[in-house]
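Student: Line order of the protein sequences matches chains G and B.
Read the first sequence against the numbering used here and you will find it ends at 513, with the numbers running on by one and no gaps.
Read the second sequence against the numbering used here and you will find it ends at 1459, with the numbers running on by one and no gaps.
Don't take every hint at face value.
[Claimed, not checked] Covered stretches of chain G (in silico footprint by chain B; criterion: 3 or more residues with CB under 8 Å from a CB of chain B, positions within the stretch not fixed):
(1) 146 to 155
(2) 256 to 265
(3) 274 to 283
(4) 419 to 433
Since the hints were made in silico from the structure, they are not lab data.
Just so we're clear, the structure is a prediction, and the values are computed from it rather than from any experiment.
Each residue gets a CB set at the ideal place from its N, CA and C atoms; glycine is no exception.
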Amino acid sequence: MKYIKKILGGGLRDYTMVIALVVLTIIFNITSGGKMITSSNFQNLISGNAYVLVLAIGMVMVIVIGQIDLSVGSVAGFSGMVMALAVRDLGLPWWLGVLLSLAVGATIGAWQGFWLAKLSIPGFITTLGGMMIFRGGVIWISKSISVPAPVELKVFGAGYLPEWGPTFTGMNNSTLLLGIIAVAFFAFMQLRKYNRSAKLSEKTEELWAVVGRIGLIGVVIGYITWIFGTGRPGTSFPIPGLILVVLVIIYHIITQRTTFGRHIYAVGGNKSAAALSGVNVQRTYFLTMLNMSMLAALAGIMFVGRSTAAGPSDGSGWELDAIASVFIGGAAVSGGVGTVIATMVGGLVMAVLNSGLMLMGVGADRTQVIKGLVLLAAVGFDVFNKQQGRQSIIGRVFPGKRK
Amino acid sequence: MKMKKYVSLFIVVSLIMVMLQAGCTRAPENSEPQPNAPDETSDLDGDGFPEDAVVGVALPWLGTQNWAEADEMFKTQLEAAGFEAIVQHADNKVPTQQQQIESMIQNGAKVIVVGPVDGSQLGSVLEEAAAAGIYIIGYDRLIENTTGIDGVVQFDSIKTGELQGQALLDGLAAKKGEGPYNIELFGGGPADPNAPNFFKGAMSVLQPKIDDGTVVVVSGQNEFTQCATLDWDNSKAQVRMDSLLSGFYSDMEIHGVLCPNDGIARAVITASEQAGQQLPVTSGLDAENETVKWIWEGRQYSTIAKPTDTLVSKTIEIIKSLQAGNGMPEPDTSVNNGKKEVGIYALPPLVVTKENEKEAFANDPGRLELLK
Chain G
111 MKYIKKILGG GLRDYTMVIA LVVLTIIFNI TSGGKMITSS NFQNLISGNA
161 YVLVLAIGMV MVIVIGQIDL SVGSVAGFSG MVMALAVRDL GLPWWLGVLL
211 SLAVGATIGA WQGFWLAKLS IPGFITTLGG MMIFRGGVIW ISKSISVPAP
261 VELKVFGAGY LPEWGPTFTG MNNSTLLLGI IAVAFFAFMQ LRKYNRSAKL
311 SEKTEELWAV VGRIGLIGVV IGYITWIFGT GRPGTSFPIP GLILVVLVII
361 YHIITQRTTF GRHIYAVGGN KSAAALSGVN VQRTYFLTML NMSMLAALAG
411 IMFVGRSTAA GPSDGSGWEL DAIASVFIGG AAVSGGVGTV IATMVGGLVM
461 AVLNSGLMLM GVGADRTQVI KGLVLLAAVG FDVFNKQQGR QSIIGRVFPG
511 KRK
Chain B
1088 MKMKKYVSLF IVVSLIMVML QAGCTRAPEN SEPQPNAPDE TSDLDGDGFP
1138 EDAVVGVALP WLGTQNWAEA DEMFKTQLEA AGFEAIVQHA DNKVPTQQQQ
1188 IESMIQNGAK VIVVGPVDGS QLGSVLEEAA AAGIYIIGYD RLIENTTGID
1238 GVVQFDSIKT GELQGQALLD GLAAKKGEGP YNIELFGGGP ADPNAPNFFK
1288 GAMSVLQPKI DDGTVVVVSG QNEFTQCATL DWDNSKAQVR MDSLLSGFYS
1338 DMEIHGVLCP NDGIARAVIT ASEQAGQQLP VTSGLDAENE TVKWIWEGRQ
1388 YSTIAKPTDT LVSKTIEIIK SLQAGNGMPE PDTSVNNGKK EVGIYALPPL
1438 VVTKENEKEA FANDPGRLEL LK
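Required output: the full structure, derived from the provided sequences and hints.
Tutor: Here it is in structure tokens:
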């Protein structure tokens, strides 16, 4: 047992939610008769949930600073509609429409950040206002009629990577390349870490454990690559998924490796202490809200691309999906705790639940009930563990910056 | 430590199962290329499919009676015909419906019947289904902005609107004496492509009468976007009616209201009642149970029956034709959905007033029961 533990590099309890995700997937695969783990279903799972996960990236940062953003659904709908209208009525090229939409998102974020940071209106109120303003706005500018989106946008919402190179690989070569890059990158990072700690003569790990870990992750990534790469010809790892992965990497680095990221956790953990130690609280609030709305605009664009049209009710209820993902991922309501990667796992748990229940033919009504119970169970479990004086399990899922 | 032991054992077991799964799924995927064959498009008159094939039905929601009936009838009639039916509703949410259609593709459906939440937001999902060789039949609402649609079964929506307009005029003449009549206009949910057509049809009848002064739209709100009711939501219609009544009718009588469906008609009637008005003459649509009663009691003047069973039987008739390998039957008409010409299987709607109510529901014991 201790060998496995060493390979995983830390307590097995750190992986509770990941295990839950794997178990859920396997259970659904059995109950649905093998329809869960297939290329096309995994592709659907990613393109159908990428926009919510993009929202969740921004939302975890907002929740870590101890605020909440209720307006993201409306902002996503509004920005998507602005883009569709700008392209259709003003004749802008599609990429200019996308840039315009992101700019609109950033402006909205600045507006909300202004109310929160400068006027100290709580985020809940600021964004409740925003939720109404921009829901009304999208209905207003669209006259509540759906607007077809430029066809090029389909790439962002439902596109696949190109097919190229030799056919003997038996799969989509773009996906294969991505998989190889991912394994190589992981191996490189692990070995670099190993070398550094060896140089500092703080050698805590044996080489075989590192190699074993690389092997294990390699198999997992290889398997996922194989699933995504061997679907219907012309399909691959979906482009919305690729956008998501890039964002996750960027935001993981921002939150864990930069000064701004440390400020976010400091402000969320203890605002006064952070202010006293020289953190600009207002600036942190402002930038976090600005970033959230910009990501919301991006999510709106991705959804419009998938739907091939922007509709007046786009985005209603998305904020709640995003918030649920963050809390299932182990963030604390009081702020200061939560990581981007754990949030992605939380979001995927919801996505797998959705997909599995649909495959089994469970209706939208009972699916809602089950998702609600899962949210309560996940957070309740976390709180229970804290009350027992033990360390929070879900909070430890991934090492974050905590007090 | 024991706990950890079990957890790690579990991981190993799950990994092994995943690996086994990998081995298992590969074989059928290679040996049975049919459902995913890229060159097989749904436009071809195919070779049919087995009699117990999976048929998916994606409905928008169960919030109005016609959808609840469709849900029930599709389940029983598809099962009776020997198909394996997956009937789901999306709670009026576009993303939910997209995912449901995808899961139907996963479940190997040969035909998917779609009553869209928003007729123009299913583009890429339906094209994906079409690429997998699945027939897509639109149900009750036109599906726009996509090539992945093979035909739409619906009641003729322009005709329905014309009948609504005519029923309103007939009712005014019968109940409110000589004109001019004061009326207001309501439209349906803008996301539903039928709604503007209902309105257009009704206005083609009403506009000449507005022009010659027989009827007067007192509020002046006669554009579809001004009159539309978001999501066909009755409560929103009631709020609009309340404000129209307090704004324009404080010293005037309202005689008639063009209502695109029964729920909105009842909301309008309730609002007028609460404002102390004489009940206005209204049109309606769907012949919901509550309205069938109201018409019998004389509270609502008319509705239009679009019997759900006619719609469902026509749809199942098409599915059976596809199953036998005869392809899509010849459509009655066709309409451009923005990407291609789509065949429309149009069914005739029926105006129901108190006079013809008993004969209209002669074959419908459930509704006949209400006429006591």
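Student: Would you list, in rising numerical order, the hints stated earlier that this structure does not obey?
Tutor: Hint check: 3 fails alone, others pass.
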